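Residue numbers (full-length UniProt numbering), protein chains in the order written: chain A, 1 to 288; chain B, 1 to 288; chain C, 1 to 288; chain D, 1 to 288.
None of these hints come from the bench; they were simulated from the model.
There's no promise every hint is true.
If several chains are the same, the list does not tell them apart, and a pair holds so long as it fits within one copy or across any two.
In silico PhoX-like links for lysine-lysine, alpha-carbon gap of 25 Å or less [stated by the list, open to error]:
1) K99 x K281
2) K90 x K255
3) K99 x K274
4) K135 x K269
5) K135 x K274
6) K255 x K151
7) K281 x K214
Note that this is a predicted model, so its numbers are computed, not measured.
4 protein chains.
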Amino acid sequence: MKSKTAPWIFTASCPSIIGTVDVVTRYMAQAGNYIDEIHSFDDRESGRFFIRIEFLPQNANFSEEAFNAEFTERAAEFSMDWSLTAPNHKQKVAIMVSKYDHCLNDLLYRFRTGQLNIDVTVIISNHPDLEDLAKWHGIPYYHLPITADTKLEQEAQVRELIEQYDTELVVLARYMQVLSPSMCEYLDGRAINIHHSLLPGFKGARPYHQAWEKGVKMVGATAHYVNNDLDEGPIISQGIQVVNHAHYAEDLIAKGQDIERVTLFNAVKCHVEKRVFLNGKRTVVFGG
Amino acid sequence: MKSKTAPWIFTASCPSIIGTVDVVTRYMAQAGNYIDEIHSFDDRESGRFFIRIEFLPQNANFSEEAFNAEFTERAAEFSMDWSLTAPNHKQKVAIMVSKYDHCLNDLLYRFRTGQLNIDVTVIISNHPDLEDLAKWHGIPYYHLPITADTKLEQEAQVRELIEQYDTELVVLARYMQVLSPSMCEYLDGRAINIHHSLLPGFKGARPYHQAWEKGVKMVGATAHYVNNDLDEGPIISQGIQVVNHAHYAEDLIAKGQDIERVTLFNAVKCHVEKRVFLNGKRTVVFGG
Amino acid sequence: MKSKTAPWIFTASCPSIIGTVDVVTRYMAQAGNYIDEIHSFDDRESGRFFIRIEFLPQNANFSEEAFNAEFTERAAEFSMDWSLTAPNHKQKVAIMVSKYDHCLNDLLYRFRTGQLNIDVTVIISNHPDLEDLAKWHGIPYYHLPITADTKLEQEAQVRELIEQYDTELVVLARYMQVLSPSMCEYLDGRAINIHHSLLPGFKGARPYHQAWEKGVKMVGATAHYVNNDLDEGPIISQGIQVVNHAHYAEDLIAKGQDIERVTLFNAVKCHVEKRVFLNGKRTVVFGG
Amino acid sequence: MKSKTAPWIFTASCPSIIGTVDVVTRYMAQAGNYIDEIHSFDDRESGRFFIRIEFLPQNANFSEEAFNAEFTERAAEFSMDWSLTAPNHKQKVAIMVSKYDHCLNDLLYRFRTGQLNIDVTVIISNHPDLEDLAKWHGIPYYHLPITADTKLEQEAQVRELIEQYDTELVVLARYMQVLSPSMCEYLDGRAINIHHSLLPGFKGARPYHQAWEKGVKMVGATAHYVNNDLDEGPIISQGIQVVNHAHYAEDLIAKGQDIERVTLFNAVKCHVEKRVFLNGKRTVVFGG
């Protein structure tokens, strides 16, 4: 079996209008870019077009600069938001945590073994507990305590770290703090949060206890982009676990953690593989 | 492979106290009832004990009357609610529907092929649409139209039919009417409803449209007992279907119907097999 | 919410070579066909390209004939196998059954309610048992008994019916006969079989009994195209059900039937929506 | 919510005969042991009875010795194999690995965070690669290389370690060596293996490549007890992952690893919670 050559990834979205596909695929053919896989979708409600292409350049003199130079003008005609991602480009990821380590442990394992094509450059926490885990993986760990009074200062420090490490994606891996509206806005579209419940049910505090009170037969988790409406950001992925009457709230929490880490991993993987597009309050996820 | 002899089913619940198991199992041994399967559970929060036993009488002169006579006194000591169900006893079931037929069709198929050990004795609807389906299965169909003004009279007619057909269980198989409080109370604990959403999310009208607006990646269904808080009755079973961005609200409805019918079937099957116990606002479901 | 206009569906496959996408999408743009959705995939092992497009013609004078006339030449250059499917084209489907009715019942329900965009034109069986079910749906039912000695004659009769009813797809919905090699060849690529096990495990007789002997914790089903290697044809879809120690072989059969009918429905749906492509001994299934 | 007091666990199995339940439950009542949960099952094919009880001693002078002294005679009458497990007894577990670390990493995470109530006392490998991971968790790591010629000596060393560390359970967490028949016999019933496929399909080498060749739509994993028929030991748990045409063999391997680690964790958890009973070539698993 031949080993797969990692492809370049092209993504774009723009208003729905005839010719959007053609402007992309015609350029690919002309530029000698062999298309390995296409997903496109037209949302008839939002009137928006989305496309993701994996391709293998055939011309020896292919370059990102040349692509940009040649395609920019064509894209402009369609008001296209587009991006080009080099094979094996590793997004620089900052992870924020509190004390729970199940999501962090999983992300670091995936990172360490190459299952997530990312570069975890920094871990930021309002608690000191998970520093050892960060250290073993050789990742800088910043302990930035927070109180109601110091939230804005702490968030300013967080922002500085995010910038200092050229962060492309922030992952809130059970960071148990409500972000300020300005922080939410700052992270809009480039931060993924894991919510420990199947939204939109059980918002608010202690969702697993709420779930137990109701006698649910399933618990779930939701990974979504952060926006200015914290737990209501566009959903990327969801997962569920079956439970029963013999599971008390503490058992639901344990069961929930398993599905939280899987759901968050799926969302981060889809994001870094450029499979996720914002579409108003919803997302388009290709081949997720 | 030996064919399985259908067992008698004994179920009981009572306040948690030492000796509850012993009073049951000792009697079974003394009476010569061979125990095939036991599930018991003690809810430490509600302080209530639940047990379900499948057994095969070994004494030729076993009788329901003798069991009742002999066990009643022992049970009283523990304030035990208990019941005995004969092998292959078929509960008399009334099904209520409106126009959607996916749940009805599935229940009738299961009934016709013996997968549900029930006797569907009557179908009641506020619409005439599903009469043919009922007829083909040889089941009486009553069309009782309803308006805001006639709700109470119609419900009175429904009650009469329920009584006339010695109904043990009412299944609301997408009966698209909000029951009056008195009707809810009348049906308390002996009617199962299917809610077209994963409660507690998306209560109220058009839940699939709400789900689409939120861009959920899963839709679900909830089967629960009717009580005086219609969509909040104790949950028996839940199910989910994975969906994606390419599913519009009408697709979610179609996907949802598949999971509704499976979820309702599971709940009815558990109920008639005496696997479900009310436990306050929750349920205990053994081996469901 | 706007109601979705049913799209035309274009599918094609050909050897992998640069320009395959462009020849399709350029023509679509030139012909004024608005592309709603694309899936394409290049199998690096088989060196074959596959594409499926949903599109909405924008020109009033769009016609199937014009499309054919204009695209045939372009396709020839790439040795492209392609097809065009009109919105809501209903494939003519022949269903073959024996005595089990769970798959037939489900397919007919989906057909009757429009969930499967097919036209079930004939039902053929080697037993008389399911005639009533066919009749209620108003579908001709042919009882063609079969013995070891009469297999070839019976198959000849079956072929005649298949031709007489202009059959596009044959569905073996638990038709419990091994087809002759010539019949397999005749049906190659246009017949879907449901195998009552998760292939490749438990081939041969009484797979559920084999599964029980092994104490499996899951049973499955496989829907695949018929080819000259009956139970080894290219897989379209698979499904599983969780089971446990309390399930005897007869329970596994019942559990298995539930997953058989869902799996077969999924396969037929994908096929008639033109989502499935043969790819040697495997399949490509887009958005299934 | 009250915190749950960890219960004592009693398990037993014996030939099916009337009185088996009573002898247990009567003793529990007499001894003042409050029963929290019972599962019992009678296998009508093997003619064997299985029971698992969680109980909370109410007598201050409860002791394991007293239980043994008092119950042994009663059990003997029924040829009962039985065991008593103290609350939070931690089984001493030896883990054997080769180079793949996904299962080891998961087990160690569960061990470290208390999700698995075990004591991982030693890790044994035929490769040096995973020593760092062992060290970070503070667990002794023995590198015992193996060749065809040294298999028996190496296995003798492994046995010594198993004995030296008072091992109660051996977990083969992707230990990529075929054990000798004598080693299999030595480990019979007290070693759990994870097989990287949904048995009984795809036995033998490179199962994921076999699966890819067949174009399967699901890959699975099987955790089972080791017996003298290596990949055919009694199955404890199985899991599956959905895959599609875009997954090459290397993708199936990655997908498979996710389900391997979950499946192995489930099996180990059920084993240490005393939920699993050998039943000939099959198992009984209560509440798994």
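Quick rundown of the hints versus the structure:
When the C-alpha separation of K99 and K281 is checked against a cutoff of 25 Å, the pair qualifies neither within a copy, at 30 Å, nor between copies, at 33 Å. Taking CA atoms no more than 25 Å apart as the test, K90 paired with K255 passes between copies only; the shortest distance there is 21 Å, against 31 Å inside one copy. Taking the shortest Cα distances, K99 and K274 never come within 25 Å of each other, neither inside one copy (30 Å) nor across copies (31 Å). Taking identical chains as interchangeable, the C-alpha atoms of K135 and K269 lie at most 25 Å apart only when both belong to the same chain, with a minimum of 23 Å there against 29 Å between chains.
In the homo-oligomer, the alpha carbons of K135 and K274 never lie at most 25 Å apart, since the shortest distance is 29 Å inside one protomer and 37 Å across protomers. Taking the closest pair of Cα atoms, K255 and K151 never come within 25 Å of each other, the shortest separation being 31 Å inside a single copy and 40 Å across copies. Proximity of K281 to K214 under the C-alpha cut-off of 25 Å is restricted to the inter-copy arrangement: shortest distance 7 Å between copies versus 28 Å within a copy.
Figure legend: structure checked against the earlier numbered hints; hints not met, in rising order: 1, 3, 5 and 6.
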